[in-house]
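Heads up: the sequence lines are chains A and B, in that order. Residue 1 is where the first sequence starts when you use our numbering, and the numbers rise one by one after that. Residue 350 is where the second sequence starts when you use our numbering, and the numbers rise one by one after that.
Where hints are given, some of them may not hold.
Each computed SDA-like pair below joins lysine to any residue, with the alpha-carbon atoms no more than 25 Å apart [what the hints assert, rightly or not]:
id: 1; chain 1: B; residue 1: Lys430; chain 2: A; residue 2: Arg102
id: 2; chain 1: A; residue 1: Lys57; chain 2: B; residue 2: Pro439
id: 3; chain 1: B; residue 1: Lys546; chain 2: B; residue 2: Glu480
To list a few chain A residues with every Cβ distance to chain B over 12 Å, as calculated [unchecked claim]:
id: 4; residue: Asp6
id: 5; residue: Ser68
id: 6; residue: Ala95
id: 7; residue: Thr286
id: 8; residue: Ala289
id: 9; residue: Glu317
Covered, in the sense of this in silico footprint (three residues per stretch, anywhere, with C-beta under 8 Å from a C-beta of chain A), are these stretches of chain B [as the list claims (entries may be wrong)]:
id: 10; stretch: 371-381
id: 11; stretch: 417-423
id: 12; stretch: 426-435
id: 13; stretch: 448-459
No lab work stands behind these hints: they were computed from the structure. Heads up, the beta-carbon is just placed ideally off N, CA and C, and yes, glycines get one too.
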Amino acid sequence: MEATLDCDVLVVGAGAAGLRAAIEASAAGARTAVACKSLLGKAGTVLERGGIACASKEAAERVAELESWGALLERAPQSLVAHRDDRTGQEVLRALQHEVLRRGIEVHMECAIHRLLLDAGRVVGAFGIRRPSGGFVHFRSRAVILATGGCGRAWRDDASPADATGDGHALALDAGARLANKDSIFGVRVDPESAASGIPGLYAAGDVAAGDGLSDALVSGRRAGLHAARYSRTEHGRNLIDVGRLSAIGRQLLAPLERKGGENPYAVLVALQDARTLEEIRILKTRVANASAPGPRAYNPAWQLALELRALLVVSEKLIERNTSWLARKPRSASGAATRAAASSKNTG
Amino acid sequence: MVVLDALHAIQATQAADLAVRWNCKAGRCGSCSAEINGRPALLCMTRLSALPAGETVTVAPMQAFPVIRDLVTDVSLNYRKAAQLPPFEPGAAPGQAPRLYQEDVDRIREFHNCIECFLCQDVCHVLRDHEDMREAYAGPRFFVRIASLEMHPLDRAERVDFARDQAGLGHCNVTRCCTEVCPEGIGITDNAIIPLKERVADRHHDPLARLLGLFSNGKRR
Chain A
1 MEATLDCDVL VVGAGAAGLR AAIEASAAGA RTAVACKSLL GKAGTVLERG GIACASKEAA
61 ERVAELESWG ALLERAPQSL VAHRDDRTGQ EVLRALQHEV LRRGIEVHME CAIHRLLLDA
121 GRVVGAFGIR RPSGGFVHFR SRAVILATGG CGRAWRDDAS PADATGDGHA LALDAGARLA
181 NKDSIFGVRV DPESAASGIP GLYAAGDVAA GDGLSDALVS GRRAGLHAAR YSRTEHGRNL
241 IDVGRLSAIG RQLLAPLERK GGENPYAVLV ALQDARTLEE IRILKTRVAN ASAPGPRAYN
301 PAWQLALELR ALLVVSEKLI ERNTSWLARK PRSASGAATR AAASSKNTG
Chain B
350 MVVLDALHAI QATQAADLAV RWNCKAGRCG SCSAEINGRP ALLCMTRLSA LPAGETVTVA
410 PMQAFPVIRD LVTDVSLNYR KAAQLPPFEP GAAPGQAPRL YQEDVDRIRE FHNCIECFLC
470 QDVCHVLRDH EDMREAYAGP RFFVRIASLE MHPLDRAERV DFARDQAGLG HCNVTRCCTE
530 VCPEGIGITD NAIIPLKERV ADRHHDPLAR LLGLFSNGKR R
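Just chain A, with the same shape it has in the complex (with noise of 0.2 Å):
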C-alpha cells in the first residue's frame, strides 16, 4: 500500500457534480477528499457545450454562486438557461475547480478508484490506484459520493470522454445498489432527496445516477455531499479493513499486469463495444478475465484498460439485458456525431 488516506467523505469524480458535491460536504464540515482519474479540470464536463437550466430555484441558487465564484453566465431576457457561449461546461467547471482550492479541498488526480470497501453492508471506503506511480492507495472513509459521470465508451461513442468508463455504475452494482427504474436512462437508482444510493453510505449525483445535464449535476452534486455530511457525523468508529482483505484486492488488480500472454485490451474493448447479446457478453467476461498488459506499474494505459474493462462489462451486461430503448440505436461503428446523438438521444427518448 502506497498510502492509506482518511477522510469522512470522499468522491469519486471531478467533474461538476463531484466538485458541487465536494464543496458542500466541506461546508458542512466533513473532512472531505476528492479522487479523479485525470488531471483537475479535465472532467467530461468540459463537454457540456448547452446551457444551465434553472426551472427551479434551488438550480437558480445554484447558478448564482457559482458567478459569486467567478464564473461568467449569460441568460437571453427572460430565458431560464444561463450559459456562456458553447463553453458552459468549462467555465462551471473552472468556477468549481477554483473554489474547491479556495477551500482547501484535498485533490487526488489521476488516482482511478476500482473497488469499494464494505463493512457490515456500509461503504468504509475504497481501494485505488496512483495512475503515475501505480501504487495503491487505501481510503477510509465514512461515506463515498460516485460522482464518476456516464458509460459512454461501452459502445463505440467518438464524443466520450476516456474516463466514461462507467466505474461508478460497476462500482456502486457490486455494492448491492439498484439501477434507476426508468427504461430510457440508464444509471443507479438514488433516493431524489438525499443523492442516497440506499446502501448505507453509498451517495451518487450527475450522470450516473441518471442525471442529465449541467443543472441536474449541481443539484444532486450538492444533495449528495449534505447528505453524506450529515450521514458521515452519525457514523462514529473508523471501520478497520482486514489486511487479507486488502491483499486479496491488491492481487486482483495486478493479475493483468502479472498475466503473460493473454489478449491486449484493446482489441477486448473493441469486440466489448460491438457485442449486442449476453452471450457475446458471456464469451466477454473469459476474454476480460483474460486481458493482459505489459509494462510496468507507473502510468501504464494497458493496465488501466484491462481494469476498466470490468466495469464496461458490468454496464454493457446490464444495458443489454434491459434492453432498453437507446441500446437499439448503439451503433456498431459510426461517425461520432451519429453516435452523440444517439447517446443524447436517449435522455429524450
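Go by the hints and put chain B onto chain A.
Just chain B now, kept in the frame of chain A:
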C-alpha cells in the same frame, strides 16, 4: 486522423503500455499536450494530414516538465502555482447574483477560454530554460489568470503588486511564444501580459500616478 489516433493505433497493435494522457479528444480538456515535430501542440487537434507528407512525425513529451513516462509529464508545478494565487474576491454578497456589464465580460471572456493545457508554460523560455525560475515565475497561464481576476469588475483583491512581486511578471520579455502556441488563440501577450505590465508601470514608475496614489487606496483600474 489526428496524431492521438496514431498513438492509439500504436497502443492497439505494437506497444499497449505506451503512456499518453488524454480524455476528451475534442480539444476541450487540454490533457494531451506534447511536442509534435518540436512544436508544442495538442495531440488530439493536430491532423496528420497537416504535417509534411512522407516525413517521420516526431512526438515528444513537453520539455519544460519532468517526464513520468513516455509522453506523460508531471505538470503538478502548475497546480502548485494555481494554489498560490489569491482567490477571486467578489464584492457582492455570496449567493447573490452579481450584475455585470457586457463590456466587462467581453474583456475577460477570452481568458476564460483557457483549457489549461500548459503549452504556454511549456514553450515559455523563462520556465523551459531556467530551472531556478520554476518556482518564482508564474508563467503565461497564470498571467492570464491574474489578468482575468484583475479585470473582473467584482474582484477586490490586490493583483498588480502580486504580479510584480510574487509572480515575477518582469521576467517576461514578451517574445510572444506563448501566444503562438495557444490552441485557444488567447491574446496572452497583448491582452493579458502587456496590460498587466502597464498597470505595474503606472503604479510604480509613473510619478504623477504615484503622487495621486498617496491619496487613494485599494484596487485601481
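Enumerated hints in conflict with the structure, sorted upward: 5, 6
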